[in-house]
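One letter stands for each residue in the lines below.
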Amino acid sequence: MALLQISEPGQSPQPHQRRHAVGIDLGTTNSLVATVRSGMAEVLADEQGRDLLPSVVHYVEEGVSCVGYEAAEHNVADPLNTLASVKRLMGRGVADIKTFGSQLPYEFADDDGGMPKIKTAGGLVSPIQVSAEILRKLAGRAEIAFDSELDGAVITVPAYFDEAQRQATKDAATLAGIKVLRLLNEPTAAAIAYGLDESEQETKGQDRTIAIYDLGGGTFDISILRLSKGVFEVLATGGDSALGGDDFDHAIADWLRQQMGMDENLNAIEQRILLETAKSAKEELTDSSQVELEVLDWQGTLTRELMHSLIDGLIAKTIRACKKSLRDAGVAQSEIDDVILVGGSTRTPRVGEKVAELFGVEPLCSLDPDQVVAMGAALQAEVLVGNKSGDDMLLLDVIPLSLGIETMGGLIEKIIHRNTTIPVAKAQEFTTFKDGQTAMAIHILQGERELVSDCRSLARFELRGIPPMVAGAAKIRVSYQVDADGLLSVTARELTSNVESRIEVKPSYGLGEEEITSMLQDSFSHARDDMQARALREQQVEADRMIEDLLAAIYKDGDALLDSEERQCLKVAIEELRELRETTTEHRLLARQIESVAKASEEFAARRMDASIKTALAGQTLDEIEKG
Amino acid sequence: MKLTSDFFEIFAIPVAWQVDGSQLQSRYLKLQQEFHPDRFASHSDPEKRLAVQTASLINQAYDTLKSPLKRAQYLLELNKIDASQDSHITSDGAFLMEQIELREALSDVRDSADPFAALDTLRSVVEHSYAEQQDQFQAQYQASDFDHAFNTVAKMQFSAKLLDEIEQLEAELEDL
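As given, the protein sequences belong to chains A and B, one line each in that order. My numbering applies: residue 1 is where the first sequence begins, and numbers increase by one. My numbering applies: residue 1001 is where the second sequence begins, and numbers increase by one.
To be clear, the hints were calculated from the coordinates, so they are not data collected in a lab. Glycine included, each C-beta is placed from N, C-alpha and C at the ideal position. A portion of the hints provided could be inaccurate.
Below, a list of computed lysine-lysine pairs in the DSS-like style, where the Cα atoms sit at most 30 angstroms apart [to be verified]: (1) B/K1070 with A/K556; (2) A/K324 with B/K1080; (3) B/K1080 with A/K426; (4) B/K1161 with A/K426; (5) A/K279 with A/K317; (6) B/K1080 with B/K1066; (7) B/K1048 with B/K1070; (8) B/K1161 with A/K324; (9) B/K1080 with A/K170; (10) B/K1080 with A/K323; (11) A/K426 with A/K179; (12) A/K170 with A/K426; (13) B/K1048 with A/K179; (14) A/K179 with B/K1030; (15) B/K1070 with A/K323; (16) B/K1070 with A/K599; (17) A/K317 with B/K1048; (18) A/K556 with A/K614; (19) A/K117 with A/K388; (20) A/K279 with A/K388; (21) A/K388 with B/K1080; (22) A/K614 with B/K1161; (23) B/K1161 with A/K323; (24) B/K1048 with A/K571; (25) B/K1048 with A/K324; (26) A/K388 with B/K1048; (27) B/K1161 with A/K556.
Distance windows between CB atoms, simulated [to be verified]: (28) B/D1020 with A/R37: 33 to 39 angstroms; (29) B/S1144 with A/G330: 32 to 38 angstroms; (30) B/I1081 with A/E462: 32 to 38 angstroms; (31) B/S1067 with A/E462: 32 to 38 angstroms; (32) B/A1171 with A/G49: 31 to 37 angstroms.
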């Protein structure tokens, strides 16, 4: 048997190569990709030097024809096959689509009430597939820049995204073949981009409370963060998913229409002309106090004061949402130390004025408000991928909406309340209702209201394999685990017999695991070898990680936590894995071996965690522990 | 995941009613710095899963210890008394009468001339009795008088719930 490598304490057995990581802002209208070069975050442009990628995909009979600027050009001529703004559809159901369907020109396929599929020339596509195309395009941009494959990405999501929407985003990344290091809330990314963690250190570790005001084209987000000893903690999030700078344009366009004496039934061309005039007037009024307008055969003047009167009501709505979030966070207006402006619509000076008025602080706006989110994501990706020591930054997030289950009479019992710090685990005990009952259905929802019909259905779980007993005798413990990305997983166990119940997950608006696998296969159907090669590479990376982790763990804790027999068993398992990793080309074989090593080391891992949590604060310095 | 440590042990503080809030917070942050899943983002899947479980446990421990009500319930739980159910009711008739009066006062707030002032008055009454209940709990707990401590926790539940509702009503009034 080969000797195990033993490295110096405090060093990993194999020194890391520099890994390639990016931050991706997957936006409703535009998306961006950024990375860190010589310590600075920068947005990666395409070959023509353009930073943004319009979030648009064009489909033809053969499938995807193009993504981005090129796709957006088909918007007028071929609107039904030119898919834009799909972010609004992520993790949504067909019923939701009907409520804002008029905004989107697409034809939706009738299906079983689950996730909407859009009819295109290339067949039915889901919003997840469309997002995957955008992500793939951005990853391609990065791979050209790196001249290498991507090791991982941090992808940003709005803070108000529920579990289904986050899961859909992660599924899109999986389809695009991108390893997600973390889903990061957009406002949190903005705070990182401004380096507020560093300015906190300069003020000698005083806590800072930060408000991030994010007004995009069609959405508004407000987040209250606290920064304490280098740790970001999201105290509260709020906003309005149907309010944005586009509403400013609409308000101005509507005023124009009235001035021009036109009724509300405009044709598409008139509507576009009015909107474009409104938009450019808004932008001009950033610097001048009034603007002369000429639209069709109408002429007139719009003053800044008049524009303010048109948009102040909309801004006031955002201010009310800010106050609500402050209350949720338990923070007074005067306690806010920094305010950050994010989103193109914050370029309207009136917004900054009102925000400054509310918080009593001049907002930060030195970075491009369109780019801040991607830049912050890139900085976080750099830490997570292991290029930068992790001492500097940690993000604690909260769950934005409560999780609950359906109880009798269509009511909801909350299991995890909103604004609870994640990751979080909760368990509940159930019993059977009938003699011999072997199955049980659980319906999981997300939202704040009391009625099932007012909340968002996330998934239905069926527990099967409950041992038959008299009614009320079985004790079924259902455990809900929400991870650091806000994604939910559920396990169940019958306690009296210790039988693990099988759970079938039917995500209400997402993709099942099988669907993802089959889509992945489809996307590689032209090149089966490609898929095999990729799967093998993924397993090899996982095997390497596992060997590295285990060797480091044995070196550090093996003497204290393993007897000689256990130690020997683990060594053999690691050696077998290492050998297989070098020799096999069969990814399934490697995956099985990884699984079995994981199983063999489970107990050791639990003991290590138990031991390290006991010693974490007991006299040892953090530095010593981190070398584990 | 089963860990052998209780919540107090995780934070390396003695099992007691008195908890130093700022010490708790700084230790919480230290623990999350070490165990948060982000620290394991480039590790193998089993290590990542374990980190998720551990960080969840630390969050639960912090959430429990920082809240007076949950901390009291947990102290009783460590002494094998389940005080976490919402349903157990105090048999103190005078206390229940007082609660009914407070609830009536809360429902009258909307109609009062200055609802915010009325809410503030009500809040300080409830906060005062909540503080008294906590003192009571401390004395009973230290004397290992768990029966009475159990009863006091029931009263604390009333106060905590009422304070929540006062918060909610204030939020609603501000939104109007």
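Going through the hints against the structure:
Proximity of B/K1070 to A/K556 is assessed by CA-CA distance (about 37 angstroms); at most 30 angstroms being required, the pair is judged violated. Restraint check for A/K324 and B/K1080: the C-alpha separation of about 40 angstroms exceeds 30 angstroms, so the hint is violated. Taking the CA atoms of B/K1080 and A/K426, the gap is about 20 angstroms. The hint holds against a cut of 30 angstroms. A hinted pair counts as satisfied when its Cα atoms are at most 30 angstroms apart, and B/K1161 with A/K426 qualifies at roughly 21 angstroms.
Distance check on the hinted pair: A/K279 and A/K317 sit about 20 angstroms apart at the alpha-carbon level, within 30 angstroms; holds. Our distance criterion of 30 angstroms between C-alpha atoms is met by B/K1080 and B/K1066, whose separation comes to about 21 angstroms. Annotation: proposed proximity of B/K1048 to B/K1070 holds, straight-line Cα distance about 29 angstroms (limit 30 angstroms). As the CA atoms of B/K1161 and A/K324 are separated by approximately 20 angstroms, the hinted pair is consistent with the 30 angstroms bound.
Proximity of B/K1080 to A/K170 is assessed by CA-CA distance (about 42 angstroms); at most 30 angstroms being required, the pair is judged violated. Between B/K1080 and A/K323, the direct Cα distance comes to roughly 43 angstroms. Violation of the 30 angstroms bound is thereby established for this hinted pair. A distance of roughly 28 angstroms separates the Cα atoms of A/K426 and A/K179; the hinted pair therefore holds under the 30 angstroms criterion. About 23 angstroms separates the Cα atoms of A/K170 and A/K426, which keeps this hinted pair within 30 angstroms; it holds.
Restraint check: the Cα-Cα separation between B/K1048 and A/K179 comes to about 14 angstroms, which is no more than 30 angstroms; the hinted pair holds. A C-alpha spacing of about 28 angstroms is found between A/K179 and B/K1030, which places the hinted pair at or below 30 angstroms, so the restraint holds. Between B/K1070 and A/K323, the direct Cα distance comes to roughly 28 angstroms. Compliance with the 30 angstroms bound is thereby established for this hinted pair. Note on B/K1070 and A/K599: the hinted pairing is violated, with a Cα-Cα distance of about 36 angstroms set against a maximum of 30 angstroms.
Taking the CA atoms of A/K317 and B/K1048, the gap is near 41 angstroms; set against the 30 angstroms cutoff, the hint is violated. Annotation: proposed proximity of A/K556 to A/K614 holds, straight-line Cα distance about 16 angstroms (limit 30 angstroms). In summary, the hint linking A/K117 to A/K388 is not supported, as the alpha carbons are separated by about 41 angstroms, beyond the 30 angstroms threshold. Simply put, A/K279 and A/K388 have alpha-carbon atoms about 42 angstroms apart, too far for the 30 angstroms limit, and the pair is violated.
With a C-alpha separation of about 46 angstroms, the suggested pairing of A/K388 with B/K1080 is violated against the 30 angstroms cut-off. Our distance criterion of 30 angstroms between C-alpha atoms is broken by A/K614 and B/K1161, whose separation comes to about 34 angstroms. For the hint pairing B/K1161 with A/K323, the CA-to-CA distance comes to about 23 angstroms; that is within 30 angstroms, so the pair holds. Taken as a hint, the B/K1048 and A/K571 pair is honoured in the structure, with Cα atoms around 21 angstroms apart against an allowance of 30 angstroms.
For the given pair, B/K1048 sits about 35 angstroms from A/K324 by alpha-carbon distance, which is inconsistent with the 30 angstroms threshold. Straight-line distance between C-alpha atoms of A/K388 and B/K1048 comes to about 19 angstroms, which keeps the hinted pair within the 30 angstroms bound. Between B/K1161 and A/K556 the alpha-carbon distance is near 48 angstroms, which puts this suggested pair outside the 30 angstroms criterion. Under the hint 33 to 39 angstroms, the C-beta atoms of B/D1020 and A/R37, about 44 angstroms apart, miss the expected range.
About 35 angstroms separates the C-beta atoms of B/S1144 and A/G330, a value consistent with the hinted range of 32 to 38 angstroms. In this structure the supplied range 32 to 38 angstroms holds for B/I1081 paired with A/E462, their Cβ-Cβ distance being about 36 angstroms. Against the hinted window of 32 to 38 angstroms, the Cβ-Cβ separation of B/S1067 and A/E462 comes to about 35 angstroms, which satisfies the hint. The given range of 31 to 37 angstroms is broken by B/A1171 and A/G49, whose C-beta atoms sit roughly 48 angstroms from each other.
In terms of the numbered hints stated before, the structure departs from hints 1, 2, 9, 10, 16, 17, 19, 20, 21, 22, 25, 27, 28 and 32, listed from lowest to highest.
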